[in-house]
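Novice: So the chains spell out like this:
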Amino acid sequence: MTYLRNAWYAAALSTEVVETPLARQLLDENVVIFRTETGVAGAIEDRCSHRFAQLSMGKVRGETIECGYHGLRYGRDGQCVLNPHGNKAIPNNAHVKGYPVHERYGFIWFWPGEPALADVAKIPAFPFNESPDEFSAVYGYLDVAGNYQLVVDNLLDLSHVEWLHPMFQQEGGVDAHRTEFFVEGHEVVANRWKPNVKKHGLHGHFWTAPSTHYDARSNMRWMPPSNMNFDLGATECGASINEGVKLPNAHLVTPATEMRCHYFWSVARNCRVNDEEAGRKLYEIVQRIFSTEDIPMIEAQQRNMGAVTDIMALRPVSIEPDIPAVRARRILAELIRAEQGETKAAAAE
Amino acid sequence: MTYLRNAWYAAALSTEVVETPLARQLLDENVVIFRTETGVAGAIEDRCSHRFAQLSMGKVRGETIECGYHGLRYGRDGQCVLNPHGNKAIPNNAHVKGYPVHERYGFIWFWPGEPALADVAKIPAFPFNESPDEFSAVYGYLDVAGNYQLVVDNLLDLSHVEWLHPMFQQEGGVDAHRTEFFVEGHEVVANRWKPNVKKHGLHGHFWTAPSTHYDARSNMRWMPPSNMNFDLGATECGASINEGVKLPNAHLVTPATEMRCHYFWSVARNCRVNDEEAGRKLYEIVQRIFSTEDIPMIEAQQRNMGAVTDIMALRPVSIEPDIPAVRARRILAELIRAEQGETKAAAAE
Amino acid sequence: MTYLRNAWYAAALSTEVVETPLARQLLDENVVIFRTETGVAGAIEDRCSHRFAQLSMGKVRGETIECGYHGLRYGRDGQCVLNPHGNKAIPNNAHVKGYPVHERYGFIWFWPGEPALADVAKIPAFPFNESPDEFSAVYGYLDVAGNYQLVVDNLLDLSHVEWLHPMFQQEGGVDAHRTEFFVEGHEVVANRWKPNVKKHGLHGHFWTAPSTHYDARSNMRWMPPSNMNFDLGATECGASINEGVKLPNAHLVTPATEMRCHYFWSVARNCRVNDEEAGRKLYEIVQRIFSTEDIPMIEAQQRNMGAVTDIMALRPVSIEPDIPAVRARRILAELIRAEQGETKAAAAE
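Residue numbers (numbering that gives the first Met the number 0), protein chains in the order written: chain G, 0 to 348; chain R, 0 to 348; chain P, 0 to 348.
I should point out that these hints are in silico values taken from the structure, not numbers from a laboratory. Please read these numbers as outputs of a predicted model, since none were measured by experiment. Some clues are possibly wrong.
Stated by the list, open to error - Pairs of lysine-lysine, DSSO-like flavour, derived with a Cα cap of 30 Å:
| # | chain 1 | residue 1 | chain 2 | residue 2 |
| --- | --- | --- | --- | --- |
| 1 | G | LYS198 | R | LYS58 |
| 2 | P | LYS87 | P | LYS58 |
| 3 | P | LYS343 | P | LYS87 |
| 4 | P | LYS87 | G | LYS58 |
| 5 | P | LYS198 | R | LYS198 |
| 6 | G | LYS121 | G | LYS96 |
| 7 | G | LYS121 | G | LYS87 |
| 8 | P | LYS198 | G | LYS87 |
| 9 | R | LYS197 | P | LYS87 |
| 10 | R | LYS343 | R | LYS96 |
| 11 | G | LYS197 | R | LYS58 |
| 12 | G | LYS58 | P | LYS198 |
| 13 | R | LYS58 | R | LYS96 |
| 14 | P | LYS87 | R | LYS198 |
| 15 | R | LYS197 | G | LYS197 |
| 16 | R | LYS198 | R | LYS280 |
| 17 | R | LYS87 | R | LYS58 |
| 18 | G | LYS87 | P | LYS197 |
| 19 | R | LYS197 | P | LYS96 |
| 20 | R | LYS197 | R | LYS121 |
| 21 | G | LYS198 | R | LYS87 |
Stated by the list, open to error - Reference listing, derived: stretches of chain R covered by chain G, where coverage requires no fewer than 3 residues with Cβ under 8 Å from a Cβ of chain G:
| # | region |
| --- | --- |
| 22 | 43-55 |
| 23 | 59-68 |
| 24 | 81-94 |
As the list claims (entries may be wrong) - Partial pick of chain R residues on the chain G-facing surface, computed with a CB cut under 10 Å:
| # | residue |
| --- | --- |
| 25 | ALA22 |
| 26 | ASN29 |
| 27 | LEU71 |
We treat Cβ as the ideally placed atom computed from N, Cα and C, and that holds for glycine.
Can you make the complete structure from the sequences, with help from the hints?
Specialist: If you want it as structure tokens, here you go:
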């Protein structure tokens, strides 16, 4: 199995790409992500057509990126626009691959498939990251030495919280949850409702009302290929989820290779929105938990799988909380098969 | 060639496995070694049957080990005994491989072959490690990036001491030794008698009598697959070896893979037995010599052999002191061939 | 493609081989380079014929090197001359490969091909490294994780200086150079004359005359397989190149494997020849520029080429300043083909 290519993937946090170009492997390809002098993000092959130097070792010049070895310049479409040598003629084949790119919700998105199909309206929506009146958000990035679908599995089965994350454990453990699972089109929803539980976890961290118990929720929506919208929050018992503490998250997983992936996350909050110290603390908690609790476990899974990247090929034992992740894997596999069929059909025409 | 499987190998020092489970690769298999709350050692496959997490990242719970990802629990036989999710039913295939284990002489032994054949009476005897009235012992562990038989070769040809170990060199060098070699059943004995030599080496370190010369001995017994009993000692000239300084050793080598091995050692002493500082010093000397003198040389051999693990396949030049190690290699190869023949015969029945 | 074997390559700086033997991989072979007690350099296979220990972990004894594991000794021709064990007989096959070696110009040269063809008169001449009345020189060594020809390309196209080396950039950039290219026999000359330019770069560092402008030159001569003589200097405008600041360099590149190489360099100077501090500063500048500017770029090229070692196989875009390097690659390829033809013809006789 390979990747779904006609899809938007997160390529970088907006804050990762400022003055200096960024080298990043995405879906097995080496890409340089840069921001031109007018602030527009671009992503092209990170390999100069001349001597194969990494363009990410060069500099942004106006709307182009300049190779740091011999000075050839490329536009955001990958076309060489300047050869400073000899008669200055630009050789015919002096171009590299360029990718459609769009910046939105605090992330730089890229489209590894057919450029003509890249519709920015299809970028998954994380409106809380662009609602400064109600929310402020923190963002993080992690490099994971494991197949990207293992991170998706982790997020679609949050029962693991009760064993892996001491800070998030709740009274009653998994038996105190009401789980809900459904499929909407190509999306998978896995909700965990926790009515009338003792204050705990991240919402507990922000809960300032006098109540010691609340209704909490950890509701995950997976959108193919590997982007997730996570509604985390708590309300007074019986109140609407439009009230109370809201901590909506984006979780975006992008393959570097079949064996390695990029994990981008954001957590927005509707409380203490202007309190920078609260944001810094929130960042530290989430980044620490992901990097010291989730990722070591995911990387151990991958080590135990050896060179295999599809866990289902090894016939794991399945239990009830696996259902959403198994369904998401099946949907993605079908989308990939369909896309590859279309590609073959197009090639045959 | 592969390994002898119906045999006891050291898996860990007893002191390595206390509260926290220990991950260790043994004969190409990933194993978690743990000690239950009643103190019994167990060794099972280090890969949860559910999502392939490492069980060594989990916790001991009563007589079981609990997976740190989703809480499944396994007994010492590898059978899943608790599924905390959904209807709590334990899936049929929720089990992992379990190994016969026995703790003795300060080591945890495991049997990678047919469990029905695992007879604890066949564990090689190191009685000095269980004779507190006469001896006290120190223990060490080292990880070696080389084939395990290279460590056996090293120990069966102690002529190397005169070049590799400045502290142990003796007046007269190898010419002052009387070597003795014989085979007893499947065991190989390689003795070095050093009559009337000047005080030196480890026995010299513990020798307190006024004599400046003594009869020393370095007598090695190899028991297949790769366990050695080493009688190191010194007596007044002409005295019985039941007298004087006795420093009996265990040297136990266990393959991690064909390219890497575990080296467990113990040195007991019949002098200054209650002197903890003497024990600490003895540990430091032996561990330093093995880790800075023997192991770098063994790892250099393996690097020079590339991916080859059987040194004989590369037709090394043979000299006289190689004879015991070459014989031990031949005996082990015959035992492995015989075992594989039996396995095939059993499979054919 | 493989290497030219009947040729002199630099194996080490003279100063790298003093008392302790040096382990170095050269043209895919593991070699120990040592200096005997009378000061003569030798190079033999770094693998004892007995148990494959690294001889580089041993000691020099008289005119031999002694294995640090069991004491066998080898002469500079690779023949075992001492077996200290048993009846002391030297086994027939107790020998390792020996290489012709010659020390000259501050480097230890070795000849990986047919020993009978090793003519020291063919060692490329760097007379400024042996002219203490006029010059003093500093020497450096760098390990490069890339194919050796990428280093040659770098040196035969010094236009890169204007992008890669801020300290060496000059007014007018590449357009201020007059380039000159010709082939002499099997040698390639690529000169860059810079008439009447503002003081800059390494010659500027040593220029003490009041003139703010001078005639500078950066003239490279490549001699197969991968040794370069670099005439770097500056004179008063219009003066002869026999005057002024002279900074003649040697640049010697030796493959470790197809994917890794050794880069030896020297820079001599005809000014401040007895000023040790000036020499130290010069060493620091050159070593810093090569290790932080050139080598990271060359290693990035190799990473972008993956397992491919011949850049031409990937069809790079060519521009004018590539011409000398492309020609040198073609000459070397022809010499290798010719040598392999001769070897086959000799084998067929």
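Novice: Evaluate each hint against the coordinates.
Specialist: Each hint, compared with the structure:
1. With a C-alpha separation of about 26 Å, the suggested pairing of G/LYS198 with R/LYS58 holds against the 30 Å cut-off.
2. With a C-alpha separation of about 20 Å, the suggested pairing of P/LYS87 with P/LYS58 holds against the 30 Å cut-off.
3. Proposed proximity of P/LYS343 and P/LYS87 is contradicted: the alpha carbons are some 41 Å apart, above 30 Å.
4. Between P/LYS87 and G/LYS58, the direct Cα distance comes to roughly 67 Å. Violation of the 30 Å bound is thereby established for this hinted pair.
5. Only pairs whose Cα atoms come within 30 Å are accepted, and P/LYS198 paired with R/LYS198 is rejected, the gap being roughly 72 Å.
6. For the suggested pair G/LYS121 and G/LYS96, the alpha carbons sit about 22 Å apart, so the restraint of at most 30 Å is met.
7. At most 30 Å may separate the alpha-carbon atoms for a hinted pair to count; G/LYS121 and G/LYS87 exceed this at roughly 41 Å.
8. Of the supplied pair hints, the one linking P/LYS198 and G/LYS87 holds, its CA atoms being roughly 27 Å apart against a limit of 30 Å.
9. A threshold of 30 Å between alpha carbons decides the hint, and for R/LYS197 with P/LYS87 the separation of about 24 Å falls inside it, so the pair holds.
10. Distance restraint check for R/LYS343 and R/LYS96: the Cα-Cα separation of roughly 21 Å lies within the 30 Å cut-off, and the hinted pair is therefore satisfied.
11. Between G/LYS197 and R/LYS58 the CA atoms are separated by roughly 25 Å; this keeps the pair inside 30 Å, and the hint holds.
12. At most 30 Å may separate the alpha-carbon atoms for a hinted pair to count; G/LYS58 and P/LYS198 meet this at roughly 26 Å.
13. About 18 Å separates the Cα atoms of R/LYS58 and R/LYS96, which keeps this hinted pair within 30 Å; it holds.
14. Taken as a hint, the P/LYS87 and R/LYS198 pair is honoured in the structure, with Cα atoms around 27 Å apart against an allowance of 30 Å.
15. For the hint pairing R/LYS197 with G/LYS197, the CA-to-CA distance comes to about 76 Å; that exceeds 30 Å, so the pair is violated.
16. Restraint check: the Cα-Cα separation between R/LYS198 and R/LYS280 comes to about 19 Å, which is no more than 30 Å; the hinted pair holds.
17. For the suggested pair R/LYS87 and R/LYS58, the alpha carbons sit about 20 Å apart, so the restraint of at most 30 Å is met.
18. Distance restraint check for G/LYS87 and P/LYS197: the Cα-Cα separation of roughly 24 Å lies within the 30 Å cut-off, and the hinted pair is therefore satisfied.
19. This hinted pair does not check out: R/LYS197 and P/LYS96 have alpha carbons roughly 40 Å apart, beyond 30 Å.
20. Proposed proximity of R/LYS197 and R/LYS121 is contradicted: the alpha carbons are some 39 Å apart, above 30 Å.
21. Distance restraint check for G/LYS198 and R/LYS87: the Cα-Cα separation of roughly 27 Å lies within the 30 Å cut-off, and the hinted pair is therefore satisfied.
22. For the region 43-55 of chain R, the assignment as covered by chain G holds, since 8 residues bring a beta-carbon within under 8 Å of that chain's beta-carbons and 3 suffice.
23. Taking a C-beta to C-beta cut-off of 8 Å, the region 59-68 of chain R contributes 4 residues in contact with chain G, enough for the three needed, and the coverage statement holds.
24. With 8 residues having a beta carbon nearer than 8 Å to a beta carbon of chain G, the region 81-94 of chain R meets the requirement of three or more and the stated coverage holds.
25. The beta carbon of R/ALA22 is positioned within 10 Å of a beta carbon in chain G (closest approach about 9 Å), and the interface hint is therefore held.
26. Annotation: R/ASN29 was flagged as interfacial toward chain G, and the flag holds, the nearest CB pair being 7 Å apart, inside 10 Å.
27. Interface restraint check for R/LEU71: the shortest CB-CB distance to chain G comes to about 8 Å, inside 10 Å, so the restraint holds.
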